[in-house]
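Asker: Sequence:
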Amino acid sequence: MTTIQTSSQLLSIGKDTSIAIQAPDRPDLSYAGLRDLATRTKKSLNAVGVGHGDRVAIVLPNGPEMAAAFVCIAGAATTAPLNPAYRQEEFEFYLEDLNAKAVVVEQGSDSPAVAAATKLNIGVIELVTSAERP
1 MTTIQTSSQL LSIGKDTSIA IQAPDRPDLS YAGLRDLATR TKKSLNAVGV GHGDRVAIVL
61 PNGPEMAAAF VCIAGAATTA PLNPAYRQEE FEFYLEDLNA KAVVVEQGSD SPAVAAATKL
121 NIGVIELVTS AERP
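Residue 1 is where the sequence shown starts when you use the working numbering, and the numbers rise one by one after that.
Among the hints, a few may not be true.
What the hints assert, rightly or not - Computed list of lysine to any residue pairs in SDA-like fashion (alpha-carbon distance at most 20 Å, straight line):
1) K42 / T129
2) K42 / L29
3) K43 / A85
4) K15 / N46
5) K15 / A32
6) K42 / P24
7) K119 / N99
8) K42 / T79
9) K101 / P112
10) K119 / F70
11) K42 / A85
Source of the hints: derived by calculation from the structure; they are not laboratory data.
Only a predicted model underlies this, so the values are computations on that prediction, with no experimental measurement involved.
Please work from the sequences and hints to get the whole structure.
Answerer: Listed below in structure tokens is the structure:
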């Protein structure tokens with residue numbers, strides 16, 4: 001029996017063509033595609049100074065983007081999903097408590113998380129999504 005301890009190990013067990021993430025009315029994301037996305041995510045995070053041991057808050061609605069973001073960011077840093085419905089004061093509390101280095105939100109988001117991160121001098125990373133792409 002294999003014990004999986006990291007997100008990288010989790011990604012490594014899937015066959016390239018097997019479905020890793022699936023959602024209604026969206027193209028499937030294969031394990032090969034998810035591994036590629038995880039590699040690109042890690043490089044992008046490292047390029048902005050986020051790496052192993054850093055905490056990244058994820059403020060996204062439930063769905064395939066959240067699932068992919070969680071798995072991919074977990075390969076590069078410690079992930080902390082936060083409820084998108086929080087008020088700015090709640091985001092400020094949790095971001096400070098987490099000692100977050102960055103916050104991931106949807107591109108163009110007007111979430112109170114952006115205002116909280118800006119107030120606390122925490123980097124904001126905008127996630128670019130597309131309904132046509134997995």
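Asker: To test your reading of the hints: which numbers does this structure violate?
Answerer: Of the numbered hints given earlier, those the structure breaks are 3, 4, 6, 10, 11, listed in rising order.
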